[in-house]
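J.: Here is what each chain is made of, one letter per residue.
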Amino acid sequence: MKFKINRDHFTNGLAQVLNVVGSKATMPILSNVLIEAEKDHITLTTTNLDLGIRCKIKAEVKEGGAVTLPVKRLATIVRELPNVDVTFDASPNHQVKLASGGSNFRIMGIGKEEFPPLPEFGDEKSFTLEQAELTAMLKSVAYAQSTDETRYILNGVYFNFRDGKLSLVATDGRRLALVSKELEVPATSAGAIILPAKTVNELARMLDKGEKLKISFNDRRAAFQINTDKDASGLTDSIYLYSKVVEGNYPNYQQVIPKETHQRIKLERELFLQCIHRAALVCSEKSNSVKLKLTSNLLEITAQSPDFGEAHESMAIGYSGPDLQVAFNPSFMMDPLKALNKDEVFFELKDEVSPGVFKTLDSFICVIMPVRLS
Amino acid sequence: MAKVRILPDRVANQIAAGEVIERPAAVVKELVENAVDAGATRIEVEFRHGGRSLIRVEDNGGGMSRDDAMLALERHATSKIIEADDLNRLTSFGFRGEALPSIASISRFTLQTRETGAEAGTEIVVNGGRLVHVHECGRPVGTRIEVAQLFNSVPARRKFLKTDPTEAAHIVSGVRLYALAFPRVAFTLIEDGRIIFRSPECPGLVDRVGEIFGRQLAEGLVSLEAEEPGLRLRGFIGRPGAGRATRHEMITFVNQRPVDSRTLNYALIESYHESLPKGRYPAAFVFLDLDPAAVDVNVHPAKREVRFRSEPAVRSFVIRAVLQRLRELAPAAGPATAAPVAPLPAEPVLSVPWASAPALSQGGAIVRPVFLPPPPAPRPAVVASSAPSPAVARASVPTETGRDSIAAWRYVGRVHGVYVLFETPAGLVVIDRRAAHERVWFERLQAEFAAGSVASQRLLLPVPVELDPVATALLLDRLEFLNAHGFEISEFGRNFFRIEAVPAWMEPAGAEPFLRDLLGAVREGRFPDGAIGLAREELARLAVAKAIRLPEAAGEAELRALLSQLFACRSPLSSPSGRPTQIELSVGELARRFQK
Ligand SMILES: Nc1ncnc2c1ncn2[C@@H]1O[C@H](COP(=O)(O)OP(=O)(O)OP(=O)(O)O)[C@@H](O)[C@H]1O
Ligand SMILES: [Mg+2]
Numbered sequence: 024m025k026f027k028i029n030r031d032h033f034t035n036g037l038a039q040v041l042n043v044v045g046s047k048a049t050m051p052i053l054s055n056v057l058i059e060a061e062k063d064h065i066t067l068t069t070t071n072l073d074l075g076i077r078c079k080i081k082a083e084v085k086e087g088g089a090v091t092l093p094v095k096r097l098a099t100i101v102r103e104l105p106n107v108d109v110t111f112d113a114s115p116n117h118q119v120k121l122a123s124g125g126s127n128f129r130i131m132g133i134g135k136e137e138f139p140p141l142p143e144f145g146d147e148k149s150f151t152l153e154q155a156e157l158t159a160m161l162k163s164v165a166y167a168q169s170t171d172e173t174r175y176i177l178n179g180v181y182f183n184f185r186d187g188k189l190s191l192v193a194t195d196g197r198r199l200a201l202v203s204k205e206l207e208v209p210a211t212s213a214g215a216i217i218l219p220a221k222t223v224n225e226l227a228r229m230l231d232k233g234e235k236l237k238i239s240f241n242d243r244r245a246a247f248q249i250n251t252d253k254d255a256s257g258l259t260d261s262i263y264l265y266s267k268v269v270e271g272n273y274p275n276y277q278q279v280i281p282k283e284t285h286q287r288i289k290l291e292r293e294l295f296l297q298c299i300h301r302a303a304l305v306c307s308e309k310s311n312s313v314k315l316k317l318t319s320n321l322l323e324i325t326a327q328s329p330d331f332g333e334a335h336e337s338m339a340i341g342y343s344g345p346d347l348q349v350a351f352n353p354s355f356m357m358d359p360l361k362a363l364n365k366d367e368v369f370f371e372l373k374d375e376v377s378p379g380v381f382k383t384l385d386s387f388i389c390v391i392m393p394v395r396l397s
Numbered sequence: 201m202a203k204v205r206i207l208p209d210r211v212a213n214q215i216a217a218g219e220v221i222e223r224p225a226a227v228v229k230e231l232v233e234n235a236v237d238a239g240a241t242r243i244e245v246e247f248r249h250g251g252r253s254l255i256r257v258e259d260n261g262g263g264m265s266r267d268d269a270m271l272a273l274e275r276h277a278t279s280k281i282i283e284a285d286d287l288n289r290l291t292s293f294g295f296r297g298e299a300l301p302s303i304a305s306i307s308r309f310t311l312q313t314r315e316t317g318a319e320a321g322t323e324i325v326v327n328g329g330r331l332v333h334v335h336e337c338g339r340p341v342g343t344r345i346e347v348a349q350l351f352n353s354v355p356a357r358r359k360f361l362k363t364d365p366t367e368a369a370h371i372v373s374g375v376r377l378y379a380l381a382f383p384r385v386a387f388t389l390i391e392d393g394r395i396i397f398r399s400p401e402c403p404g405l406v407d408r409v410g411e412i413f414g415r416q417l418a419e420g421l422v423s424l425e426a427e428e429p430g431l432r433l434r435g436f437i438g439r440p441g442a443g444r445a446t447r448h449e450m451i452t453f454v455n456q457r458p459v460d461s462r463t464l465n466y467a468l469i470e471s472y473h474e475s476l477p478k479g480r481y482p483a484a485f486v487f488l489d490l491d492p493a494a495v496d497v498n499v500h501p502a503k504r505e506v507r508f509r510s511e512p513a514v515r516s517f518v519i520r521a522v523l524q525r526l527r528e529l530a531p532a533a534g535p536a537t538a539a540p541v542a543p544l545p546a547e548p549v550l551s552v553p554w555a556s557a558p559a560l561s562q563g564g565a566i567v568r569p570v571f572l573p574p575p576p577a578p579r580p581a582v583v584a585s586s587a588p589s590p591a592v593a594r595a596s597v598p599t600e601t602g603r604d605s606i607a608a609w610r611y612v613g614r615v616h617g618v619y620v621l622f623e624t625p626a627g628l629v630v631i632d633r634r635a636a637h638e639r640v641w642f643e644r645l646q647a648e649f650a651a652g653s654v655a656s657q658r659l660l661l662p663v664p665v666e667l668d669p670v671a672t673a674l675l676l677d678r679l680e681f682l683n684a685h686g687f688e689i690s691e692f693g694r695n696f697f698r699i700e701a702v703p704a705w706m707e708p709a710g711a712e713p714f715l716r717d718l719l720g721a722v723r724e725g726r727f728p729d730g731a732i733g734l735a736r737e738e739l740a741r742l743a744v745a746k747a748i749r750l751p752e753a754a755g756e757a758e759l760r761a762l763l764s765q766l767f768a769c770r771s772p773l774s775s776p777s778g779r780p781t782q783i784e785l786s787v788g789e790l791a792r793r794f795q796k
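Those protein sequence lines, which keep their order, are chains A and B. Quick note on numbering: the first sequence equals residues 24 to 397 in this note's numbering. Quick note on numbering: the second sequence equals residues 201 to 796 in this note's numbering.
It is worth saying that the hints were derived from the structure and are not from the lab. In this text, a Cβ means the ideal position worked out from N, Cα and C, and glycines have one as well. Some clues are possibly wrong.
What the hints assert, rightly or not - Some chain B residues close to chain A (C-beta under 7 Å, calculated; not the full set): (1) Arg-275; (2) Ser-653; (3) Ala-655; (4) Ser-656; (5) Leu-659; (6) Leu-661; (7) Asn-695; (8) Glu-707; (9) Pro-708; (10) Ala-709.
To be verified - The list that follows gives simulated cross-link-like pairs (lysine-lysine, DSS-like), each with its CA atoms no further than 30 Å apart: (11) Lys-221(A) / Lys-478(B); (12) Lys-81(A) / Lys-62(A); (13) Lys-746(B) / Lys-221(A); (14) Lys-81(A) / Lys-25(A).
Bound-form chain B, shown alone (with noise of 0.2 Å):
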C-alpha cells in the first residue's frame, strides 16, 4: 500500500486553482477583486486571444512590499482575515489566499508592484509555479499581474475551454460586472488590443450602466431604494412593460459582490409577473446590503453563489421592496393591480407543462389531448417526420378530426377569450387561439421566407438603436440575413444603428426590442453561423413568438378563418414552440365521465 504523503505545495497549489481557476475569466475576476480590495481607483484590463495568450490586470492601488509580495504567493496568505471568524465580518472579495498562488501555479505569472510610500517596485515571476526571479523595478505605485499561457502546465483543463470568442464573453461579461460595482473607479478593457469599454469615473450607477449598456437601457431605468432594518436595497430596475428577451441584464450584487442568487433572481422575477409579458425578464442593477455575518458566500470555490442565512426574509424584503416601487410606477388609472400580498416565503410554483403527461385531470374531468406533444420520455412509436418543428404524434389523432371534415365543426363559442369551443361529430374540441396563432404565422412567414418575397415596411421616422460591444458585433454578422428577411437597418457610427424599415407584419415600435431579444437569441447559439433554414426557421419562430400580435377582438368568422388557416398548415396540431394547439373531449369520454 501507498504511504501517504503530503503533497508538495505545487500540487496542493495546481489542485486548488482547479477549483477556483476554471476558466480564464476566473482569473481577471480574481486579479480585479485584488485590485478592488487595495482601494484601486483606476483599473485596466487587456486580454488575448480569450485570456489564453494573456490576462494583464493593472491597478493603482496600495501595493505590496516586497515581503508581501513573496507571501502572497504563499497558499493561504491573505490579509485579509485573521481568524475563522473574520468570515463573519467579511467586507473584502478576497479571503481565502488562494487566488493569486494558484494562478501562479498554471501560467507564466509576473507581478509588478509598488507599495505607496516605498523607493521602487518589485518583480516576481512565477512559472508554473517555480520561481523564476524577484528583482527590483521601477513602477508607479500600484500592482500590474501578467498571466501568459494559461493553463499550458494542464492541458487536461485547456482542452475543456471553449473558443476564444466564448471565454472573451465570459471575461467581458464579468468585467462589467465589477465595473458595475464600483462606478467610481475608472475601468478600461481591451481585447485583441481593441477597446472594448473605457468607462471613467463615473457619478453613479446609472451613468456605469449608461456607459456599458449604452444610453437607452439606462434611460429606461428608475431607481430603486429601499430599506428595512439589516436590509437595504437600492439600484436601478427596468419600468413595467419594458422587458428583456434574456437574464443579461438583471444583475445582483449583494454586499457589492456580483452574484448568481437564486433566491434574488426569483424575487425580481416574480416581482414583475404583473408587469410584463410571460418570458420576458426585467432589466435591474441591484444592490443588496446586508450584514455580512447574514450571507455565506463560502459555498462556492469561485464565490459566484451566495446563500443568505435567512432566505425567506431576504426574498419578500426584495419582492415588497420592487412591487412598492412598479406601483408606485403604475399609471392611477392603469390595469388592477392585485392588493400588496406580502409574498409567502416559499419557492415560487412553477407551472408544469401539462404536455408532460399523456392524460391530465382537471377537476376530475380526464381531458386527453389531441396530439402527445414531444414527450420528456421516450418518444410514441408513430412519430410523423415531415414536421420541421417539434416532432408530432399522430397516433392519437381520432380520425374524425380530419382535416376534410372541419366544415362539419359547429362553432359554439369563446372561452376566457383564449380558447375556441367546437363541437365536432366525434366530440368536442378545444383551440387554444394563441397557439392556432402562431403555428399559422409560422409556416405563413416561412413561405414567405421561402419564397424570398419578404414585403418590408419602411419607416417614416426610422428607430435608433445603440447596441453594447458584444451585440453590435452579433449584428454586424447578421446584418445581411436581416436585411434579406425584410428588415433594412444601418449602421452609424460606433455601436449605433438605424432600422429603416421592419416586416411588414410588424409594428414600428416592436422593432427594437424585437432586435434586441434576436441578439439575445443569437449570443445563446441559435442562429449558427451558415445555417440559412435553420436561421430562417429561427426567425419565424422568435416573429411569432415576440411579435405577432394576437388580434383583440374575434367573433365566429375570425374564429372559423383561424381554424381553417390552421388546418391548412402542415403541422396544425402543435405550435411552433411544441405546444398542442387543440385538445378534444371524444363523446365517449364525455359519457364515461358522467358515467352513463
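Excised from the complex, chain A in its bound form (with noise of 0.2 Å):
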C-alpha cells in the first residue's frame, strides 16, 4: 500500500476521527485509525465500539491496501511535519514509512484483519436535514442533558420524529430543553432515539462541512452521512458517523411542560444574561441559587452567600401581574440564554414552587424547576 497526500488533508482527515478511540486496556486496536487506499483516495476510520466515524481524503494512490497505525501519535506527527507533501508506504508486515521533506519516520502498525467492522447499516427510516439548522436545534437543547452517568436514559439528546415535525429534547431531571421544527414524517417514517452525548458532541463538531446530512436509524443505531460540499480541505464524498443509541424509554416530556401561561415576561436576551451572570458572582456551591422578584414593570435579582456578601440588580419590564418572587439556580437560566441567539426571549412564571419557563418565537422551550429554602 503507498500514497502521496498533501499534509494539511492528511491532518484535517484525521481531525475528524481523532476523537473517537477505545480504551487501550480492552482492545488495543481500538486506539487505531484504520487506513484504507484505493483509487483516488483514503478513508480514515475510527470506533470505539459504541460510536464509529468514517471520512474519506483525496490522495494520489500508487497502490491500493489497508493498515491501522495509533491516531493520537500519528495525528501529532502528521502535523508537525516539515512539508506539505507527504509519501505513506505500508509494508506487508505492516510497517509504514511516513516520508515528507527531510523527515523519515518508521510507525509499526496492526493488520486491519484486528479492526472491528463499523455496522453494516440497511434500509431504516431516514430524514434529510440542513446541517446549520441542525446545529442551531442542537446546541439549544444539548446544556440540558444528564452527566450523571447513572442515569444513563438522560445522558443523551432525544430526537423525536413523528406528527410533522422533529423534536429535540433534553433534561437532567431538574430543567428541560426542547426544540421543533416543521418536518414531512410520513407515517412509516415516525420513530425516536435517544443519540448519546459523545455522538451529540461529535456530530455537533461536524455539521459545518456542507449542506444537507442524511440521518437513518433504527432501535438499536443511528447514521448520518454529512455532506462535505464546503469543506475544501481534502475532504471528499461524505463523513459518516455510525453511533449506537442509548437503549430505553425516554421519559414523557410533554408531561412537565406547563400547560398554561401565567406570568409572562418579555426580556432582552443578553442584558438579563449578565445581571444573572453578575449577581451569580456572589454565589457559592454552598447557596447556589439566584432569586428573582417580580413588583410593577420591575425585576429584581438578588444573590447572596452568607461567607461573601450578597448582590442586587434591577432591570426595567413591562410587567403589571401580581407580585411575586422564585428562586433557580443561577446556570439553569445562563444556559438557555447563552444557547439562544435572538435577541427577545420570554420567561414565564408562577408562583415559587412552581417552573420557570423559558420560550421563544420559534418552537423552543426550556423547563426549569425553582430552589427553595426549606
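Using the supplied hints, reconstruct the complex from the two chains, each of which is provided in its own coordinate frame.
T.: Structure (C-alpha cells):
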C-alpha cells in the first residue's frame, strides 16, 4: 500500500476521526485508525464500538491496501511534518514509512483484520436535514443533558420524528429543553431515538462541512451521512458517523411542560444574561441560587452567600401582574440564554414552587425547576 | 458430694430450648421449617408483641396422627432421620427432633393437627413442658401451632429480649427468607392483626422478590445460572453499579436452607469488587445446591451457619459464576475488567487501615501521619475536645502546618488523581482529596442544617420509590425530618413514595439510592429518635460519603481552593469518618531516610 497525500488534508482528515478511540486496555486496536487506500482517496475509520466515524480524503494512490496506526500519535506527527507533500508506504508486515521533506518515520502498525467492522446498515427510517439548522437545534438543547452516568437514559438528546415535526429534547431531571421544527414525517418513518452525549458532541463538531445531512436509524443504531461540499481541505464524498443509541424509554416530556401560562415577561436576552451572571458572582457552592422578584414593571435579581456578601440587580420590564418571587440555580437560567441567538426571550413564571419557562418565537421551550429554602 | 442424676426430660428440654430457641424469631423459624417439611403449600404466620405474647403458624401440610403428635413432643423424636448416616443425605430442615419439645417446655403450647385421610384432628396443650390435655378436635388437614407466653417460665431469657419492634423485625426478616426459598408456597405474615405481607403462590423467585422487596428492586436483578459437577448456583443478582448500603438484600440459601455463610458472602462481595463502589453490597438472592454430604449444617444449634466440606471449591465456583455473569452484562466498550483469573482459595485480604498504626512502613519509608487518628488502643493524651466528630489528637501536628501558613505552601501536583502534593516550609504534605472534600462538605452541610437554610431543588420528574413495609414505617417516622432538610418526599399509596425535591447538592438520580442508604442506616439504629443534632450529623456524614461527588477534573486553582477550605474547617485533619485528610513528611525525616 502506497500513496502520496497533502499534509494539511491528511491532518484535517485525522482531526475528524481523532476523538473516537476505545479504551486501550480492553482492545488496543481501538486506539488505532484504519487507513484504506483505493483509487483517488484514502478512507479513515475509527471506532470505540459504540461510535464509529469514517471520512475520505483525496490522495494519489499508487498501490491500494490497508493498515491501522495509533491515531493520536499519527495525527501529532503528520501535523508537524516539514513539507506539505507526504508519502505513506506500508509494507506487508504493517510497518509504515512516512516521509516528508527531510523527515522519515517508521511506525509499527497492526493489520486491518483485527479492526472491528463498522455496523452494516440496511434501509432504515431516514430523513434529510440542513446542517446549519440541526447545529442550531442541538446547541439550544444539548446543555440540558444529564452528565450523571447513573441516569444513562438522560445522557443524550432525544430525537423525535413524529406528527409533522422533528423535536429534540434534553433533560437532567431538574430542567428540560425542547426545540422543534416542521418536517414531513410519513407515518411509516415516524420514530424516536436517544442519541448518546458523545455522539451529539461529535456530530455538532462536524456539522459545518456542507449543506445537507442524512440521518438514518433503527431501534439500536443511528447513522449520519454528512455532506462535505463546503469543505475545501481534502475531504471528499461524505463523513459517516455510526452510533449506538441509548436503549430505553425516554421520559414523557410533554407532561412536564406547563400547559398554562401564568405571568409572562419579555426580556432582552443579553441584558438579562449579564444581570444573572453578575448576581451569581457572589454565589458559593453552598448557596447556589439566584432570586427573582417581580413587581410592577420591575425585575429584581438578588443573590447572597453568608460567607461572602450579596448582589442586587434591577431591570425595568413591562409587567403588571401580581408581585411574585422565585429562586433558580443561576446556571439553569444562563445556559439557555447563552445558547439562544434571538434578541428577545419570554420567561413565564407562576410562584415559588412552580417551574420557570423560557420561550422564543421559534418552537423553543426550556423548563427549569425552582430552588427553595426549606 | 452431690449424686449424678439423669435430668428429668422437662429440665433437659428447657436446657435444649436455651440453645435452639434464643428469641421469638427462632420459634417462628422452627415452626415454618416444620410446615415446609410437611409439604405445605400455604403457610400463615401470625404474631403479637414481637412474638412474646403469641406466635401462630398454620399450614396445610400432611398433618400428624394422634400418636405421632404425642411422639413429636418427645425429645429426639423425629420422622426425618433414622440413623446418623442420614445426616449426610439430609433434604429436610428438621433432623434433631428437638424443636417441638423445646418450644413446648418454655411456653403455653397448643398443637392442632389432622393427618391426610384421618377422620378427625387432635389437639394437644402443653404448658411449660407439662401436658395439660389431649383431645379430639375438628379442623382441616394440616397443622396449627400456637405458642403463647413464650419464655414466661424462663425469666432469665425473657430479660434478654429486645424491644418488641426489634424482635418483630427479626421475625419478619426470617419469614421472608423462607418465602424466598419457596416461591411456590403461599405465605401470609400478620403482626398485631396487621398484614405485613401476603404473597400468593408465585411462578418464580423474581416474582416473590418483587412481592416482598418491591418491584423496583426486582426489576434491577438479572438471573444467574451456573453449574459445575456437584455444584449448582441459581437465582438473581443485582446489575453492576447498583449497590446497596447494607447486606439486607444479600440473601443466600444452601440446598434451599437460608444460611448465613461467610464463605458465600465474601465470594459475592468479592465478585462485585470491580462492579460496585467500595462499601456497597450487591443485591443477591442466590441458591447453592450441592450434595448434602458436602455441607455440614449441624454446626450451630440454630442451624444458621453451614460449613462446606470444601470451602475453597465452593468459594471459587461462586466467584467464577458471578463474575462470568457480570462480564456478560458489562457494556462492550465499558471499563476494562481484569482478566478472568481463577480466584485463589484464600480468604480475601482485608486491608488494615493504616490509621491503626502511628507509623507506617511503605517501601522502606516511614511516613508519619500529621495526626493520630482515633486509635483502637488507648487514646493519646492530648485530645481536641472541640471536634464533634472523631476526636483528633493534635499532639503530633507540627506547628509549621498551622493554618496561617498554608499560603506559603507550594503546589507540587496531583498524584494518582486522588492525592495532592504540597511543599511546605517544614517538608512535604500529601492531601487525600476525597477525605478533604468530605470534611469540607461535612462542615458546610452542618452549618447549613444549623442555620435552617437548606436549598432544595425541585424535580421535573418526581422519583417514585417503592419500599418494603419495614422501610415504609421507618421512613414515615423520619419524613418530617427529611423534608426539613432539603427533601420533599410524599407518600402516595401503600409503600409508595415520591421524591419531589432533593437537597440542591444532590443529583436527582442519587436521590433514591440515598434514601435507601439512609433507611439502611436508620435500621441500624444510626438515627436515634428525638436526637436532632445526632440525626443531622448522621445525615451530613451519609451525604458526604455517598452523595457528594468528587469533581473529576481539578487543576491547581481548585486544589488550592480545597486546601484553604479545608483549613477553614473546625477539624481539618480528619474526614468525618475519621480518616486522615493529610500526612506530612518533614525535611528532617527525609534527610534521615536518605541517611544524610
Ligand atoms: N407442621 C407439621 N406438620 C406435620 N408434621 C409435623 C409438623 N411439625 C412437626 N411435625 C412432626 O413432628 C416431628 C418433630 O418435629 P421437631 O421440629 O421437633 O423435630 P424435627 O423437625 O424432626 O427436627 P428439628 O429439631 O431439627 O426441627 C417432626 O419430625 C415431624 O414428623
Ligand atoms: Mg423441626
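J.: CA of Lys-221(A) to CA of Lys-478(B), is that 30 Å or under?
T.: holds, 28 Å
J.: Between Lys-746(B) and Lys-221(A), does the CA-CA distance stay at or below 30 Å?
T.: holds, 27 Å
J.: Is the interface hint for Pro-708(B) satisfied, with its Cβ closer than 7 Å to some Cβ of chain A?
T.: Interface hint status for Pro-708(B): holds (3 Å vs cutoff 7 Å).
J.: Does Glu-707(B) hold up as a contact with chain A if the rule is Cβ-Cβ below 7 Å?
T.: holds, 5 Å
J.: Are Ala-709(B) and chain A close enough, Cβ to Cβ, to be under 7 Å, as the hint says?
T.: This hint holds: Ala-709(B) lies near chain A, its Cβ roughly 4 Å from the closest one there, short of 7 Å.
J.: Against chain A, with CB atoms and a cut of 7 Å, does the hint on Ser-656(B) hold up?
T.: Nearest chain A Cβ about 5 Å off; hint holds.
J.: Once the shortest beta carbon distance from Leu-661(B) to chain A is found, is it less than 7 Å?
T.: Cβ of Leu-661(B) sits 5 Å from chain A, so the hint holds.
J.: Against chain A, with CB atoms and a cut of 7 Å, does the hint on Ser-653(B) hold up?
T.: The hint holds - Ser-653(B) has a Cβ within 7 Å of chain A, the shortest such distance being about 5 Å.
J.: Hold the hint about Asn-695(B) up to the distance rule: shortest CB distance to chain A must be less than 7 Å.
T.: Since chain A brings no Cβ nearer than about 23 Å to Asn-695(B), farther than 7 Å, the hint is violated.
J.: Tell me if the straight-line CA distance from Lys-81(A) to Lys-25(A) falls inside 30 Å.
T.: Holds - the C-alpha atoms of Lys-25(A) and Lys-81(A) are around 14 Å apart, at most 30 Å.
J.: With chain A as the partner, please determine if Arg-275(B) meets the hint condition of a C-beta pair closer than 7 Å.
T.: Because about 56 Å separates Arg-275(B) from the closest Cβ in chain A, which is outside the 7 Å limit, the hint is violated.
J.: Lys-81(A) and Lys-62(A) were given as a pair; does the straight-line alpha-carbon distance stay at or below 30 Å?
T.: Given pair Lys-81(A), Lys-62(A) holds - Cα atoms ~9 Å apart, limit 30 Å.
The structure does not agree with the numbered hints 1, 7 stated previously, though it agrees with the rest.
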